[in-house]
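A.B. asks: Take a look at the letters that make up each chain.
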Amino acid sequence: MNPSIVLQVAGSVFRESVRDRVLYNLVAFAVLLIAVSFLLGQLTAGQDVKIIKDLGLAAIGTFGLLIAVFIGVGLVWKEVEKRSIYSLLSKPVRRHEFILGKFCGLGLTLVVNVAVMSVAFYLVLGWLAWRETPEVRASWAAPATDPAMLKAVLLITVELLLVTAIALFFSTFSSPFLSVLMTVALWVIGSLSTDLRDLGTVVDAPVAAGLARGLYYILPNFSAFDVKAEVVHGVPVGAGYVALTTVYGAVYLAFVLAAAVAVFARRDFK
Amino acid sequence: MPAAIRIDGLTKHYTVGFWKPRPYLALDGLTLEVEQGEVFGFLGPNGAGKTTTLKLLMQLIFPTAGRAEILGRPVGDVDVRRRIGYLPEHPYFYDYLTAEELLQYFAGLFGHAPAERRARASRLLDEVGIGAERRLQLRKFSKGMLQRVGIAQALVNDPDVVFFDEPMSGLDPIGRRDIRQLILRLRDRGCTVFFSSHVLSDAEALCSRVAILSGGRLAAEGQLSELLAFSVRGWELVVSDLRDEALEHARRVGVIAGVTPLGQGRFALDLPRDSSPERVLADLTAHGAQLVSLNPLRETLEEYFVRQVAEHPATRGLDQ
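For the record, the sequence lines run as chains A and B.
Per the working numbering, the first sequence starts with residue 1, numbered consecutively.
Per the working numbering, the second sequence starts with residue 271, numbered consecutively.
Be careful, since some hints might not be right.
Claimed, not checked - List of simulated lysine-lysine pairs, DSBU-like, C-alpha gap at most 35 Å: (1) A/K82 <-> B/K290; (2) A/K270 <-> B/K290; (3) A/K82 <-> A/K270; (4) B/K410 <-> A/K270; (5) B/K290 <-> A/K50; (6) B/K413 <-> A/K228; (7) B/K410 <-> A/K78; (8) B/K410 <-> A/K228; (9) B/K410 <-> A/K82.
Keep in mind that the hints were calculated from the coordinates and are not lab data.
Predicted model only: the values in this text are computed from it and were never measured.
Isolated chain A (complex conformation):
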């Protein structure tokens, strides 16, 4: 593999995202956060910081998810449909370098997005803390600009990268519409995976329970990446848990990318 080729393909994806105004979502995020903070400031007394944390982390995840799914599913499909891939693959670009470049490009877009949104998020929280009295600040479960929230941000980023890889995988052989459906379905099921695991405790059907448990182990466990409630309420999240979940995400992501490469490697572009 030639890393320079991967980087150049990735750079092209990032440039496309910027020129197609994908980063405009950052403005929407900032406006949403500031507007909600202002509104809550009028309505609540001191508890608004918890709501802003909840809302901010959820918004980072949701905005990122929209980018990962809706751009991810078009990454390969658009190149094939518009035939721009013909010229690209006649250059010294191996098919797996193309797939990895596409993934890295959208991954970079997402990381930049999450980073900028996180900075805006901390700025709003800092402003909230600044305008409150020391007594009110002392009543909070966790400081407004609690660094522990970065653990949640990190796990959101890993989750988004995994969603990107899944969207990219579907994009190697399916239309955007089907790819969106399948990616979102997988994300929803993965986010409810603990329910799948525990199905046996609420239904008396061993086959269904066994099947659900099998799916729990096979499908990506997106619920593992969700530590928003813990960090908002000041419940400690261990570094070991964050590291292990990140490794889990990275290994799963590697398998999905390998599958995408395997499908794409033998594909005919008719």
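Since the structure of chain A is provided, determine the placement of chain B on it from the hints.
C.D. replies: Same frame as chain A, now just chain B:
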């Protein structure tokens, strides 16, 4: 020195039909060799298998059987791709890039440094006649301009072999002339040019050799002069100062199939293939006529092409 392109029994089947899948033979055992430095015309009607062959050579699709080599190495070899260029049919590129940026991006894929990328992009866009538009995003380009950008990107690595799929498509007469001249310049630099076309006048003007594909099969292949040399179907003799008695004399011996006055005292005489133009000319000049020109009337490439295609009808289903 290895052949520029060597194709051996290349075959491609597709499966068509959803409810009742059946095989479709897009290319049937194509065997072909192109030497380095040639301008090779790959001709055939629409659907003959030209684009399928080019896609197989670029590994955009994979063969059902057979193999192909470029410059002595298998087509999948990434080192081969460093030495070739490819213009796809109806090229399309990234909307959000300018022509300059596209060429710089592609030059980067060959490992060139940024300054070299800029220099190459600028030189090639000059060469294909893209001026100030080079700083516009490609979404604003016309079909003809995209075709020119497509040709420029195919040359971004100074290739030893270029593959052009319908290079004249979408171009106006000036554009066609420019690209014809470009192909001749490439030939003069020693570059092998393999181009598919159904515009026979381009092939006639440019190619040293051609292959004609019909129904996925090779119908004919060879040097243009060889393919057309044996098909002289008569002679055209143009003379001036032709007196009536000279013409009557020649007619009496039955060697003139037709006479066409051309004006200014000139006449074009059609002589049958089995006549002896030298004898007729001697006879006429003895009666005071002056020779203007004498040309064999050969079958044109177009006529030859139509005949070959008619003799090789398509049989695409594998069951046939």
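A.B. asks: Look at each hint and say if it fits the structure.
C.D. replies: Verification of the supplied hints:
Restraint check: the Cα-Cα separation between A/K82 and B/K290 comes to about 29 Å, which is no more than 35 Å; the hinted pair holds. Distance check on the hinted pair: A/K270 and B/K290 sit about 20 Å apart at the alpha-carbon level, within 35 Å; holds. Restraint check for A/K82 and A/K270: satisfied, since their Cα atoms lie roughly 12 Å apart, inside the 35 Å limit. With a CA separation close to 27 Å, the supplied pair B/K410 and A/K270 stays within the 35 Å bound.
This hinted pair does not check out: B/K290 and A/K50 have alpha carbons roughly 61 Å apart, beyond 35 Å. The straight-line distance between the Cα atoms of B/K413 and A/K228 is roughly 52 Å, outside the 35 Å bound, and the hint therefore fails. A threshold of 35 Å between alpha carbons decides the hint, and for B/K410 with A/K78 the separation of about 18 Å falls inside it, so the pair holds. Proposed proximity of B/K410 and A/K228 is contradicted: the alpha carbons are some 46 Å apart, above 35 Å.
At roughly 16 Å between alpha-carbon atoms, B/K410 and A/K82 fall within 35 Å of each other, so this suggested pair holds.
In summary, the structure is inconsistent with hints 5, 6 and 8 from the numbered list given earlier, while agreeing with the others.
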